[in-house]
Amino acid sequence: MPHPLHVAFIWHQHQPLYKSPQIGISSTSTQKYRLPWVRLHGTKDYLDLVLLLEKYPKLHQTVNLVPSLILQLEDYIAGTAFDPYLEATLTPTENLSREQRAFIIEHFFDANHHTLIDPHPRYSELYEQRNNNGVNWCFENWQLSEYGDLLAWHNLAWIDPLFWDDPEIAAWLKQDRNFTLSDRQRIYSKQREILAQIIPQHRKMQAAGQLEVTTTPYTHPIMPLLADTNSGRVAVPNMTLPQSRFEWAEDIPRHLRKAWDLYLDRFGREPRGLWPSEQSVSPAVLPYIIKQGFKWICSDEAVLGWTLKRFFNRNAAGNVLEPELLYRPYRLQTPAGDLAIVFRDHRLSDLIGFTYGSMPPKQAAADLIGHLDAIAKMQRERQPEQPWLVTIALDGENCWEYYQQDGKPFLEALYRSLSNEPHIKLVTVAEFLGQFPATATIPGAQLHSGSWVDGSFTTWIGDPVKNRAWDYLKEARAVLASHPEATEESNPEAWEALYAAEGSDWFWWFGEGHSSNQDAIFDQLFREHLYGIYKALNEPIPSYLRQPLESHAARGDCRPASFIHPVINGKGDEQDWDKAGRMEIGGARGTMHNSSAIQRLWYGADHLNFYLRLDFKVGVQPGQDIPAELNLLWFYPERTMHNSPIPLTSVPNTAPLNYHYHHHLEVNLITQSIQFQEAGENFQWHSRSSRAQVAMDNCLEIAVPWADLQVPPDYPLRLVLILTEEGKFHSYLLENTLVPIEVP
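If you read the sequence shown in the working numbering, its first letter stands for residue 1171, the second for the next number, and so on.
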């Protein structure tokens, strides 16, 4: 009897520690939070995810709740947590200071406007006023009613649609405008009611066997880097490391013990699974995990690939070519004992996390089930008697902001189909391991030191600013070590500040790679936690902790920070492109100058398309101020294929214009029509159909499906952009460089 395909969904619920350390203040006093995301994600993402699952009792899943998230939720439930957004919400509009009014206009639209703002007429109206007229206009012209409505809607929009049938919430949604302070106070009370259900609901579903709840080291630290920052060089041998080597492996069992104890108290049982922060593992951390009592951990396929010294190639559909290696648990063998480990399918996880939100919900659900059906078919053909486990593990909160109705239609379509699938069975990791213990073994010393990000730690170390943060942390840790009398019992404030500073999130945002409009706050929070260590020990505060680690002014050129899913309408929506790569053109390089008609290029991708945007000077007219044709030509390095010279006239014989290219898309900027070609034998070009989208209004936006380019996943491309008039070369963009593209 062949086994069904077992699938383990693991949803990771985590937010950084936004609470400022308050030395010498009772824990029952008001807690100062810098940002509101625990409260807002708590009302939108944590409870509804498991309530939806509860409707499909055949489907079992795993949810990871980070201890520091649980503690912050409890502060809000107790009514002791106050963040600037909440303080403004609960302030009578007539008492709002000028600073608060400016803050509200600037930050109370912090949400994906497509899904959280546009569906609500009054919220959308206020958003359009700010976007069309500017912040200063709102500040000068808004009345108290505009502020009152914006304060209410920012909180209402973050309440999950699953709760909209609540009579009070339904009445507020219908009310639309003219919200009072009393309304806002009741909205806050409703938020706390939702937050209060999160832990009990998880506990109830775990007791029923439908859910497995796992945990993470206390404040989400990168354990291998706590053990030794030199572990960064395992994946990147030439990595530039901090000036001082950080080696405090003794902090690892502290984080694990605190997580274990908190879990035991909240859930009444011992945890079995551990989600290592950022799925980061190394041989050095395994003994601590085993000694604490955890039975299994999870990591990423990249870590398995490095460990086995093989790359997981995929076919044109994106499915793994060696599934029997990835879709099984492994047993890590160490002198301290054995530990099971599962490795997630990176692409399937990313499809949910970054791509399906831009697709119609039923189509997205069908696509995922299609991938699982293909894997189930491979299992029946290759190893029908061997149980396979496909692990899909990802952030369980941030992605839903980009889905219709916070993911409810997608998840319902997915769960309905999976409930009726005879060849697919959803399980918790623990129940699979209980039935099918890991038989494949990996010596613990052979385990690769890396994370889910390319199998390395470059997201948290190696950049000059990240390294400086590690040096600051090392100094503070050494000061604490010089106070042996300051134990966790006698001076818990110092230790709590240390644990908070050791969290991974600060290092994620420092330096290059990731950026948000709250970088300065993350910088401040990290330094506040270090400050708290010195203050709790009555030690002098180093002067450098009073200065930001880096400048938070807007940056110029940058690589893509994440997947993007822009609506192609020529509007250049700011939120759609905020994670895109950016390259300045006007005045930035080569012979282009400040009066350049094209000033900036944006680029990015998801699993469906490559995206490109060009920003023009105001009033630029194609055919008059710039040539009427834009040509995109793709260069495929180190790949054998038919390539041809650029099919344009008067092209200079200089690199990269004298390269041979494989695909050519011509865009008529006046008619917004396209012509697509592919290189063939004998340097010929052949017309091909294309589903590329083009739109030009405030800017030019283009989406080119990966299916048009016919390239495998995980492949680098390069792009050149050429302006022509009736096929005759005029100029090309980004002189002396090509646009770098990475196929997901």
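Simulated from the structure, these hints should not be mistaken for laboratory data. Take these hints with a grain of salt, some might be off.
[Stated by the list, open to error] Quick list of simulated restraints, FRET-style, between CB atoms:
hint, residue 1, residue 2, range
1, Asp1641, Pro1822, 28 to 36 angstroms
2, Gln1842, Pro1822, 46 to 54 angstroms
3, Gln1842, Gln1556, 21 to 29 angstroms
4, Asp1884, Glu1276, 15 to 23 angstroms
5, Asn1828, Pro1407, 33 to 41 angstroms
6, His1684, Ala1865, 39 to 47 angstroms
7, Arg1480, Pro1407, 35 to 43 angstroms
8, Gln1503, Gly1604, 33 to 41 angstroms
9, Ile1711, Ala1248, 28 to 36 angstroms
10, Leu1478, His1277, 53 to 61 angstroms
11, Gly1438, Pro1807, 29 to 37 angstroms
Even glycine gets a Cβ: it sits at the ideal position worked out from N, Cα and C.
Now for the hints, and whether the structure bears them out:
1. Asp1641 - Pro1822: 28 to 36 angstroms: Distance hint for aspartate 1641, proline 1822 is violated at roughly 49 angstroms.
2. Gln1842 - Pro1822: 46 to 54 angstroms: 28 angstroms, violated
3. Gln1842 - Gln1556: 21 to 29 angstroms: Violated, since glutamine 1842 and glutamine 1556 (Cβ atoms, about 53 angstroms apart) do not stay within the stated range.
4. Asp1884 - Glu1276: 15 to 23 angstroms: 39 angstroms, violated
5. Asn1828 - Pro1407: 33 to 41 angstroms: Holds - the Cβ-Cβ distance for asparagine 1828 and proline 1407, about 35 angstroms, lies within 33 to 41 angstroms.
6. His1684 - Ala1865: 39 to 47 angstroms: 29 angstroms, violated
7. Arg1480 - Pro1407: 35 to 43 angstroms: 19 angstroms, violated
8. Gln1503 - Gly1604: 33 to 41 angstroms: Check failed, 20 angstroms falls outside 33 to 41 angstroms.
9. Ile1711 - Ala1248: 28 to 36 angstroms: 30 angstroms, holds
10. Leu1478 - His1277: 53 to 61 angstroms: 46 angstroms, violated
11. Gly1438 - Pro1807: 29 to 37 angstroms: 57 angstroms, violated
Checked against the numbered hints above, the structure violates hints 1, 2, 3, 4, 6, 7, 8, 10 and 11; every other hint is satisfied.
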